[in-house]
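J.: With the hints as constraints, model all of the structure from the sequences given.
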Amino acid sequence: MFRYRFTNKIVTQAKKYLKDKTGRQPSFLKKYTGTIKKGNLYLDNKLVVPKDRVDTFLRNKVLKGEVPMTRDGLYYFLSKSYAGISRAQIDKFLKAQNIIRKTDRLQPTSKRTKRKVNRKGQIGYDLIEINWKDLGFKPKEIKIYEKQLRSGDIDYDPTDPHFKKKPKLPVTAAYMFSAVDKITGFLFVEFAVNKSRKVITPIAKRAFQMFAKLFKIPLSKLVVFSDKGKEFDFVKYKSWGIRHVQLAREPLIEKKNSQFQAALYRVAKMNISLEISELIKRSLNIVNRTKSKLLKMAPFEAINVPEGTLSIDYNKKRGKGSGIKVKARELIVGDMVRLNLVGMKKTSFYKAYKGDQYSTQRYEILTKRGNRYKINGPDKKKFYHRDDLRLTSVLDMKTEHVLRKRKKKLK
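375 is the number that this note's numbering gives to position 141 of the sequence shown; each next residue is one higher, with no gaps.
Honestly, I wouldn't trust all of these hints.
Claimed, not checked - As a list, the in silico DSBU-like pairs of lysine-lysine whose alpha-carbon atoms are at most 30 Å apart:
{"#": "1", "residue 1": "295", "residue 2": "489"}
{"#": "2", "residue 1": "450", "residue 2": "527"}
{"#": "3", "residue 1": "439", "residue 2": "381"}
{"#": "4", "residue 1": "400", "residue 2": "295"}
Treat the hints as calculated values from the structure; they're not laboratory data. Please read all numbers here as calculations on a predicted model, not as lab measurements.
T.: Next comes the structure, spelled out in C-alpha cells:
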C-alpha cells in the first residue's frame with residue numbers, strides 16, 4: 235500500500251470509481267478494499283493522505299505534541315491508521331522543523347559494549363531538573379506552590395538533606411522523577427515541586443508500583459538502579475521489599491531522560507499549555523509510542539510481549555564485542571550544515587534540550603579533504619571533521635507562523 239503514489243488526481247479518480255463505478259479503476263483498488271467516509275478515501279480502513287497534503291497533515295499531527303518526533307517512530311505510529319505517507323516525506327518534513335532540529339543530540343561516532351538484559355522489572359531511575367529559563371515560562375503548578383510557600387502552608391523537615399529550611403522565592407526550578415524499564419524501554423515521569431524526600435518518596439513508590447502492576451510481578455521482584463543522590467530514601471525503598479543497586483552512573487536512564495527532555499522542550503515550544511503536568515503527559519506519550527530500533531516496536535507494545543522474545547532482539551547488539559562504529563553520510567559541495575559548538579567550548583558537558591550544541595546559522599560546504607570539510611563559516615580557512623557538521627534542511631516557515639500565533643493566544 236505504501237508503494238503507491240496517492241496524488242490528488244488519483245485519489246479523486248478512486249473516489250469517483252467507488253461512488254458510481256465510472257472512469258478508470260486505480261490499480262490499488264484491485265488489491266485493497268476501498269471505501270469513502272465523510273468524503274475521504276480509505277483503503278483497508280486506513281485514511282489515504284494525498285501527496286499534496288502530506289506536509290499539512292504532518293504539521294497538524296506533530297504540533298499537537300502527542301506523536302513521536304523521529305522518522306521511524308512517526309512512520310511506525312502513522313502507518314497503522316494512514317496510507318500515503320512515506321518515510322522519505324516524514325524525514326524531509328522533520329528535518330525542516332526548527333523546534334526539533336534545534337534540540338538534536340550530538341551525532342554518534344561509536345557505541346560502547348553494553349550488558350545484556352533478560353527480564354522485565356529492571357528499573358533505572360533518576361531526577362530531571364527543569365528550569366523556567368529553558369522552558370520559556372513558569373508553569374501554573376509552580377505559581378500555586380509559591381503561594382503555599384508565602385502563606386506558610388509547607389512543612390519543613392530538619393532531617394531532610396534537601397529541605398532543612400524554607401526555599402528561596404521566587405522558585406526558579408523544579409524536578410521530575412523518571413524511571414524506565416530496561417528491556418521494554420517503558421518510561422514513567424512525574425513532576426515534583428522540589429527534591430525533598432517528602433515529595434520524592436511517594437512518587438518513587440507510585441512509579442515502582444506501576445511497573446510491578448504493569449508486568450504483573452510483586453515489588454520484591456523489581457531490581458532498581460540509581461546514583462547515590464541524597465534525595466532518594468534507600469532505607470524506605472528496601473522496606474518495600476525492593477532490591478536496590480547504587481551506581482556512579484546509570485546510562486540507560488540518562489539516555490531516556492535525554493530523549494524525554496527533547497520531547498518535553500519541543501512540546502513546550504508548540505505553545506499548547508502552561509501546565510507542566512499536561513506537557514509531561516504529552517511528552518510521555520511521544521516517548522512511549524516511539525518505535526525502538528532494537529525491539530522493532532514501541533515501549534507500550536513491548537509491555538505485553540514475552541521476556542524471551544524481547545531479550546532475543548534486545549541483546550543482539552549487546553554483550554562482549556558488541557561495540558560498533560557509526561558513520562554519518564558523506565557531505566558534498568553545496569550541502570548546508572550547522573556547526574557543532576560543544577567541541578569548541580572548554581567543557582564537553584551539554585544538554586540537548588537547551589538547543590545550544592549546534593550553531594543556529596547554516597553554512598555551505600565549500601570543499602572536501604578526506605573526512606574534513608571547509609565551510610563558509612566563522613573561519614573560512616579551517617577544515618572541520620565530519621562529526622562536527624550536521625546536515626540541515628531549510629526552515630519550515632509555515633510551522634513557525636503557527637507557533638507564533640499560538641504563543642500570542644497563550645499570553
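J.: Each hint should be assessed against the structure and marked as holding or not.
T.: Status of the hints after comparison with the structure:
no.: 1; hint: 295 to 489; result: 25 Å, holds
no.: 2; hint: 450 to 527; result: 26 Å, holds
no.: 3; hint: 439 to 381; result: 27 Å, holds
no.: 4; hint: 400 to 295; result: 43 Å, violated
Violated hints amount to a single one, hint 4; each of the other numbered hints is respected by the structure.
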